[in-house]
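Student: In case you want the letters, here they are:
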Amino acid sequence: MIVPFSHVFILAAAVFFIGLACVLARRNLIMILIGIEIMMNAAAIAFVGGALHWGRLDGQAFVLFILGVAATEVAVGLALVVAAHRVTGSVDPDRYNLLRR
Amino acid sequence: MISPLLKEFGFAATAITLGMPFASFVVITLFTRAHPRLSAGLSISAVSISMLSALSLLFRLWPLEKPLEYSTLWYGGHDFSLFFGFLLDPSSLLMFSLVAVICLLVQVYSLGYMEGDPGFSRYYAFQSLFAWAMLSLAVSTSLLQLYIFWEVVGLCSYLLIGFWYERFSATQAGKKAFVMTRLGDASFFVGVLLLLVHLGDLSIMELNDASTAARLSPGFLTLCVLLVFGGIIGKSAQFPLMTWLPDAMEGPTPVSALLHSATMVAAGVFLFVRLFPFFSRSETAMTVCLTVGTISMLMASTMAMVDRDIKKVWAYSTISQLGYMVMGLAAGSSFAGYFHLTTHALFKALLFLCSGVWIHYFETNDMYEIARKNGRSLKTPLVCTVLAAASLSGLPPLAGFFSKETILASLLDRPDPIWFAAALLGVFMTAYYAFRPVFIILFPRNLDPQDEEHRGGAPYLAMALPLLVLAGLTLGIGWFERSLESFLGMAPPGEHAWLTPVSVSVAFLGVFLTWFEFGRRTAPQMGFVERIRPLKTFFLRRWFLDDLYAFLLKQVVYRLLARSFTQNDQRVIDGGIEGIARLAVGSGRICSYIQSGLLRLNLMVMLLVVVLMGLYFFLL
Amino acid sequence: MNPTLSDFPFLSAIMLSCILGLVAILVIPGRQKGLIRWVSAFSSGLSLILGIFLFAAYDRTQGGLQFVEKIVWMKSLGIHYFNAVDGFNLPLLLLTGIVHFTGVLTMWELEERVKEFFALYFVLVTGVFGFFMSMDLFFLFVWYDVSLFPMYPLIVIWGSTRKEYGAMKLFLYLLAGSALILPAMIYLFVQSGGVGFDLFGMMQPGTFSPFQQKFAFLFLYLGFGILAGVWPFHTWSPSGHVAAPTSVSMLHAGVLMKLGAFGVLRVAIFLCPEGWQYWAPWMAVLATIGIVYGVLVGLTQTDLKYVVAYSSVSHMGIVGLGLATVTAQGLTGAVYQMFAHGIMTALLFSSVGYLHDKTDTKSIPELGGMSRIMPVASAYFIVGAFAGMGVPGFANFWAELTVILSAFKVYPVSGVAAVSALVISALFMLRVVQKTFYGEKNQRFAGLPDVSPALGFPRMVLIATLVLFGFFPSLMLDVIQPSVFAFMEGLPK
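Protein chains in written order, with the numbering used here: chain A, 1 to 101; chain B, 1 to 620; chain C, 1 to 493.
Next comes chain A alone, as it looks inside the complex (with noise of 0.2 Å):
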């Protein structure tokens, strides 16, 4: 293995955090979800690191399925977006409060 497996592990974590530090600080719903997709591809660098490192293919095989919950949540996420622009008009999720008085 030429790049050291804690390197992958912390290549994952910067991910993470960057993606976690998107979803925290953006205020616009579409850069959130970008912020989500980047944990889940974090997620999935890990298993790759993870499979290769012990030599089994589950890790694999979880990033498929990531890669599929991925697309679906992003194709019924930016929906929803849609959906919601068309109500409120506007992406912000702070606005999103009608069910508060």
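Treat the hints as calculated values from the structure; they're not laboratory data. Hints may be right or wrong, so weigh each one.
Among chain A residues calculated to face chain B with C-beta under 7 Å, some are [as the list claims (entries may be wrong)]:
no., residue
1, Leu24
2, Pro93
3, Asp94
Here are the simulated lysine to aspartate or glutamate pairs, DMTMM-like style, with alpha carbons at most 20 Å apart [to be verified]:
no., chain 1, residue 1, chain 2, residue 2
4, C, Lys409, B, Asp79
5, C, Lys441, C, Asp357
6, C, Lys441, C, Glu366
7, B, Lys536, B, Asp547
8, C, Lys358, C, Glu109
9, C, Lys435, B, Glu166
10, B, Lys536, B, Asp366
11, C, Lys70, C, Asp7
12, B, Lys66, B, Glu166
13, C, Lys163, C, Glu112
14, B, Lys7, B, Glu69
15, C, Lys163, B, Glu578
16, C, Lys33, C, Asp145
17, B, Lys7, B, Asp79
18, B, Lys66, B, Glu206
19, C, Lys409, B, Asp201
20, B, Lys66, B, Glu485
21, C, Lys441, B, Asp209
22, C, Lys441, B, Glu166
23, C, Lys163, B, Asp574
24, C, Lys435, C, Asp360
As the structure is a prediction and not an experimental result, all values here were calculated from the model. Cβ atoms here follow ideal geometry from the backbone N, Cα and C, with glycine treated the same way.
Since the structure of chain A is provided, determine the placement of chains B and C on it from the hints.
Tutor: Chains B and C in isolation, oriented as in the chain A frame:
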């Protein structure tokens, strides 16, 4: 022995008598409401058939040695059974015929009295319903069946008193009549239920049997008798539930004649007659009945002495005469009470129908007004009224004389003379108030000739014929005392040689006093009671009984009970529920502060929790 | 009994006629109001005819369960689709049939969202029929909730007079009742030791210990009692009745309150007879208070529907008193009273409904003199009022007589209170009749039409029923009594 053929005849005749008015009621309500003449025709022909078959029953079965009973299980349970059917014995047969005759006469009379009324069909429907219910009451075989028809005649009374429902006073009077009699009926109902619980059967023949009473303890028997007597107090307008009857005069006059003097109010006394053997087993209860009868008789007489409304005078007089009947019965002679019931039904109906003619013609109830408008010009009602009033006062040789005599004799049979003394006082007052309207109308002051022309203009014949028939009966029935007595098989009261002269002279004294105050040429036409103002007010306001009831109703029932219960409903129960609801809403509101709706905040909190949990798991 | 006839699943046919009616209504486009009305009338008429047939065909000499339909539904939990008829539920099935049919006809003039109205209405009725005919605890509960939930939309959409408040209160109360019933049912199921939900399997003596019975009975009584309008849990009923549209009020006061009382009878009393005997005096106290309380509070009301609703509270008190006597007589009277009161109150509500539709008010002071304007419509109410006062000649008299008679044996004080409530109820009903219908012709409503013969027909059906069973009480008594006696025989002494 009664032949089977006779038994079948009895059943068929009774069924026809009862079926015709009921059928006429159903047909009129459902189909012929829009055709007043047809309705009247139906009703009158139905009741004529009833009368014919009732009379044929009376004459075919006369003399009846053994009661005919037809009954079938109507409603039976685990430990009780209610039989319905017909019980034909002398006393029910007499009532049966009496009711049928008076119903027919009144319905014929109403053709004239009610002519042109918008509710003509409705009137005849109710009349038919009443005829059915009253006839059924007379031949009921069990106490519960009697109670059922007792309630139905009460319903008819309500409907007919409030017949002119656009008049507030009429509807008020109807309501009062129904509720006050219901008060008595409640007591009757409790009595019936207690008897049913303890005996399991309510057949009138069974109840009157000596062995039945032996199954009940004396105290319980007295209680039951008094409870049933409560019903009689309500229906026959005795003290203290008497004030509905004068108000009931708001109804059309023929209704007053039929229901509120001759038949329905007499149903109470009739019940007493039916259950006489049962009642007489409780000495205490009989004394209570005697007291109530006496008080009612005297009180109502005083009220009748001052009222100007001719119908109300006759209404008070009805209460007082019913009081006489109760006195006679309670004194121990069922014949005296029943005989007086019979004669009273005839002459009192006659009095009402006569005043109905005046009221119809002159459109006023005030006897002075009638006199002023020359009421004496109507000869038939005048003559009939004089006859009936004489009968009411107990002057020989009219019907009332004979029946009142038997009552007085039965009272004399009692050891204590106070009841007889009260009854004699009653005779005096009766003669006084009975002749007061007669003299006022006969000798009018300041006649108003203009008004003589003012007449309602109704078919006089339809109204006059019933008067003549009733007058004939009033004249004649008294002479049949002995044969009635033997038919009914009830023991007559003892003979008292000096009774007749005493009572007749007391009655004549009363008539003389009336003549002195109202009749002679220079008479002031103002009674001795009316001169004493407080006494007059006291009598006119019915001894303030009405005020007492109004007070009780308003303060106790409405103010105290109904109002406070409503408050409880709204404040306590609903308030408590709303309190719980408010608690739920309030706590929800508090919790809703946590849910800020800010997505990033939520995520931040989530992250914090995850981090803290990680710290907890990994470091500790 | 002809075997081929009794094999036909009449009970399921009743359900099916309602469900088919519902489906047909859902399929028909909402524009075709006339067709929807006719379909509803036809379907409800069919279930009424089936109900009458059952009532007539029920073998009175034999008694017991008849027309039994039993299919295993879920074997592992012991749930059966188990329908049958006995003396307890037969009168109520007939009642539901009559009120259902007359209710549909009463709403003939409805113009607003006809399709949705009748669809919800049929869901409600299906639940009620199912509840009455089911002999399986699981199905009983399911049907019970099916019949509750359409109430809310029916009141909120088509109601009047504080409808949101009334609907919400009603719904919350009834759900609270459900919340008491469900745990008690599960408790009993668990304690029964695997006999399943079959009611007759569970009611074998010895299934539950006395303590279990006392415990579960309390929950079941309170839960169903809320629906039966037991004092002091009655206040949902006046505000709910008032807010509901006419036929829903009819169904509600006429049938739904009976659902509660019948639940007490079928579930609480059947499964926990010892609990019943233990709690009976307290039931009698609540019932007696309810009887007197209802009429007294009714005396001060100024809204016609409130008046009728409070009279229902009082009359349901009579049912409760009958149940509380723990005698065969009392049970018979209670079932009879459920039937009689259902018909009577449906008549009153349907008459008030007509007045309300035409005059747009239910306030007694605003009305008055209506008899001159609409004599026939007024007569229907007045007849209903007489029936409500317990005048003989109507079925109510016999029911009250039977209950009060049994009360005299066990609780004489309650008996006397009930009789005196009859006096007050006369005052109370006649006051309303006088103020609403009598008096000078009311010029404000002078031109309004009287009820047409077509609309009068449902009211005539109700009156005819009252009079039929008022004149021939044994028609009903013969049906109820054998089952009651059989049940009371089986009780532990």
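Student: Tell me if the straight-line CA distance from Lys435(C) to Glu166(B) falls inside 20 Å.
Tutor: It holds: about 11 Å lies between the C-alpha atoms, which stays within 20 Å.
Student: Does the CB of Asp94(A) sit less than 7 Å away from some CB of chain B?
Tutor: 5 Å, holds
Student: Holds or violated: Lys536(B) with Asp547(B), Cα cutoff 20 Å?
Tutor: 16 Å, holds
Student: Given the hint that Lys409(C) pairs with Asp79(B), does the C-alpha gap stay at or below 20 Å?
Tutor: 11 Å, holds
Student: Is Lys66(B) close enough to Glu166(B), meaning Cα to Cα at most 20 Å?
Tutor: 50 Å, violated
Student: Below or equal to 20 Å on CA atoms is what counts here, so check Lys163(C) against Glu578(B).
Tutor: Holds: Lys163(C) and Glu578(B) sit about 16 Å apart, inside 20 Å.
Student: Does the alpha-carbon distance linking Lys70(C) and Asp7(C) stay inside the 20 Å limit?
Tutor: The given pair, whose Cα atoms are some 12 Å apart, holds under the 20 Å limit.
Student: Are Leu24(A) and chain B close enough, Cβ to Cβ, to be under 7 Å, as the hint says?
Tutor: 6 Å, holds
Student: Below or equal to 20 Å on CA atoms is what counts here, so check Lys441(C) against Glu166(B).
Tutor: 7 Å, holds
Student: Holds or violated: are the alpha carbons of Lys441(C) and Asp209(B) at most 20 Å from each other?
Tutor: 55 Å, violated
Student: Mind checking the alpha carbons of Lys441(C) and Asp357(C) for me, to see if they're no more than 20 Å apart?
Tutor: It holds: about 19 Å lies between the C-alpha atoms, which stays within 20 Å.
Student: For a C-alpha distance cap of 20 Å, please report whether Lys441(C) and Glu366(C) respect it.
Tutor: 12 Å, holds
Checked against the numbered hints given earlier, this structure breaks hints 12, 16, 17 and 21; the rest are met.
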